[in-house]
Amino acid sequence: MSFSIYKYASPMTFYGLAGKMIPWFSWGAAILAGLGLYIAFFMAPTDFQQGEAYRVIFIHVPAAWMSMFIYMVMAFWSAVGLAWNTRLSFMMSRALAPTGALFAFLSLWTGAMWGKPMWGAWWVWDARLTSSLVLFFLYVGIIALWSAIDDRRRGDKAGALLILVGAINVPIIYFSVKWWNTLHQGASVSLMQAPSMAAIMLMGMLVMAIAAWFYSIAVAMVRVRGIILERERQTEWVKELLEKN
Amino acid sequence: MLRFLITVIRRDLLLAARRKGDWLTSQFFFVMVVSMFPLGIGPEPEMLRRIAPGVVWVAALLASLLSLSRLFADDHRDGSLEQMLLSPEPPVLLALGKALAHWLIYGVPLLVIAPVLGLQFGLQADVIGVLMLSLLIGTPVLSLLGSVGAALTLGLRGGGVLLTLLILPLYVPALIFGAGAVDATLAGLGPEANLSLLAAFAMLTLMVAPWVTAAALRISIE
Amino acid sequence: MSEISHLAVRELACARGERTLFSGMNFQLRLGQLLLVQGGNGRGKTSLLRLLCGLAQPLEGEVHWRGQEIGGVREEYHREMAYIGHVNGIKDDLTPLENLRLSAALAGRHLDERTAEQSLIRLGLERCLDLPARVLSFGQRRRVTLAGLMTAGAVLWILDEPLTGLDVHGVALMEGLLRDHVTGGGMVVMTTHQPLSLEGVATVPLQVGPVLQPQED
Amino acid sequence: MHWASWSEFWAMGGYGFYVWGSYGALLLLMLVEIILLVRGHKQTLTRIRRMKNWEQE
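Chains as they are written, first to last, in the numbering used here: chain A, 1 to 245; chain B, 1001 to 1222; chain C, 2001 to 2217; chain D, 3001 to 3057.
Take these hints with a grain of salt, some might be off.
Unchecked claim - Here are the simulated EDC-like pairs of lysine to aspartate or glutamate, each with C-alpha atoms no more than 16 angstroms apart in a straight line:
1. D:3042 with A:243
2. D:3052 with A:151
3. D:3052 with A:236
4. A:239 with C:2092
5. D:3042 with A:230
6. D:3052 with C:2080
7. D:3052 with A:230
8. D:3052 with A:150
9. B:1020 with C:2092
10. D:3052 with A:240
11. B:1020 with C:2093
12. A:239 with D:3055
It is worth saying that the hints were derived from the structure and are not from the lab.
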């Protein structure tokens, strides 16, 4: 069947499609997470330098990747929404934001949990951690803007603009923080100098990252269905849906 | 085209002149915030000299955010913003004009006050020179990026705080390069690298911010 | 009277929040005509006017000026159009004279001191030419806006409740202005709740929302 | 399988607090998000059902 964007762009059909996707992605996330954990705890060797503490890397790095990746996906949906004014794309970026903020916070939390045993301090002003902190602030800003604007059309477009400005700034922020970090501390203290990247560790992190992505899609689908119901309240298909269950 | 830009800037300068109170509060806010730090940290000159760039720059950030929340608010309330958006000239010029006017009214005075505060923190003459230069290049960025936030949060409750929440993360590169330039001079490394990066960031902001502000204004007044 | 309709609206639809205010609206307006938009409160009269002047984007449909969608001919359209909303657009810190000259400059028109002064005097504001607008009453400030309208030299006037705040003389003055403008080959789109006596002016009524029985309004 | 016993596994070479502090936070936050999500969805359904009935009279 031809995949015409407009067929799936209508909220009603997307509601059904999202409903079918949720179980697949949830199970996919669970299985991959299980595999990832197995690799992290049972296959990856003990590190001669950091002992067992380095195993935090299996969720710290994927969380940092995910917080960045979700922000870029939100920027993509914002650009699509502003260009073609499709309501659904604005809903997608709204549905992804909380999960992105969650992963940004998690990368900070796990970074602190890893910094304490390694450098004796809960918070290390390391380049990547500091950038994640600023990215977390960007998430907080966008969610605050959405909650401050009642009219949803203005909220959608204003949010999309802020995300795009943020997206242009993220690489610059990462560069300036890395520049700031090397200026003040030299490159010695960097959390990301994980032990030599044994293939097993990279594989473990990739599996966990994909598991996190499946999880985010499943969560976003549930959230976007809620938003669709909220916004299409007046339509007939929602009214029938309400009668059914 | 240019005449419209100059008219917008002249208009804001005239309005600011008529209402000096707002302008003065913003300058005194800047001075008071900076003067609080020695009270909190202690008078040791060596310590003050080290923290001076960061303190002055963060205070400049906060002072500009304080004054930015009213950039479009008064015009929005009395309807003149709509009339300006209905002018034949493209709204990008309005956004650029308002940002430049804000820079002239609230940004440039920071350059005049900064040396006094630099002396208060025991900075030598050449370091103060770099501080003023970094502020000269940096303050337009504060006004341009801030005008995006002001347009997005137009007419919202809690606009001032929301504006700060939205725009402070975007100020990080300007803060790092700006304060970094002064820091580098203190450390004897020379400010050229930081200043050129700051100038590059300023150029990018000058290219992008007015377009985004114009789009945000069209959305906010709907 | 030129045949092509200067202002045309095709299949216009407008929504506020989740509610659709009106949809499938079509009408044309030619030079020398006055469109009187009527309807109860909250029916979308103001929203329609804001759609016409391009301040807001319609849910569906298009607004055409001289046969072209207003988005495409933004500069010409805004040069030939003037809009007065509920709020006056007057800066309180400036004098009426400064307000007039400033809004003219912002609209890209040259307005010398004398014509500005004359239009203000014609509207009965001779005593407060150089007072800050802050001290004026709402009605007087409304007259400053009307003076701006007179000197704007726009073909199309879009007026949202222009009579509010005007006393009897003000209303008579407004009717005179409208009559001169429309019979002189201009166009007006306006909403008002007060009765208007506009003999000799081609008035086109437009109903937005259900027709109101007198007692319901 | 280089964990001799479950207790050694939990000890995680003396870093148990930090490792399980991280994984535990991940698990906890995800569970919280899922619970909030499901409850939110139910609330949306009841809210729009109430709005529908109110608008229908």
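Now for the hints, and whether the structure bears them out:
1. Between residue 3042 of chain D and residue 243 of chain A the alpha-carbon distance is near 15 angstroms, which keeps this suggested pair within the 16 angstroms criterion.
2. Using a Cα cut-off of 16 angstroms, the hinted pair residue 3052 of chain D and residue 151 of chain A is violated, with the two alpha carbons roughly 20 angstroms apart.
3. Restraint check: the Cα-Cα separation between residue 3052 of chain D and residue 236 of chain A comes to about 11 angstroms, which is no more than 16 angstroms; the hinted pair holds.
4. At roughly 51 angstroms between alpha-carbon atoms, residue 239 of chain A and residue 2092 of chain C are farther apart than 16 angstroms, so this suggested pair is violated.
5. For a cut-off of 16 angstroms, the pair hint linking residue 3042 of chain D to residue 230 of chain A stands: about 12 angstroms separates their Cα positions.
6. Between the alpha carbons of residue 3052 of chain D and residue 2080 of chain C the distance comes to roughly 46 angstroms, so the proposed pair goes past 16 angstroms and is violated.
7. For the given pair, residue 3052 of chain D sits about 11 angstroms from residue 230 of chain A by alpha-carbon distance, which is consistent with the 16 angstroms threshold.
8. For the given pair, residue 3052 of chain D sits about 20 angstroms from residue 150 of chain A by alpha-carbon distance, which is inconsistent with the 16 angstroms threshold.
9. Of the supplied pair hints, the one linking residue 1020 of chain B and residue 2092 of chain C holds, its CA atoms being roughly 15 angstroms apart against a limit of 16 angstroms.
10. Proximity of residue 3052 of chain D to residue 240 of chain A is assessed by CA-CA distance (about 11 angstroms); at most 16 angstroms being required, the pair is judged to hold.
11. For a cut-off of 16 angstroms, the pair hint linking residue 1020 of chain B to residue 2093 of chain C stands: about 12 angstroms separates their Cα positions.
12. Of the supplied pair hints, the one linking residue 239 of chain A and residue 3055 of chain D holds, its CA atoms being roughly 12 angstroms apart against a limit of 16 angstroms.
In the structure shown, a violation is registered for the earlier hints numbered 2, 4, 6, 8, in ascending order.
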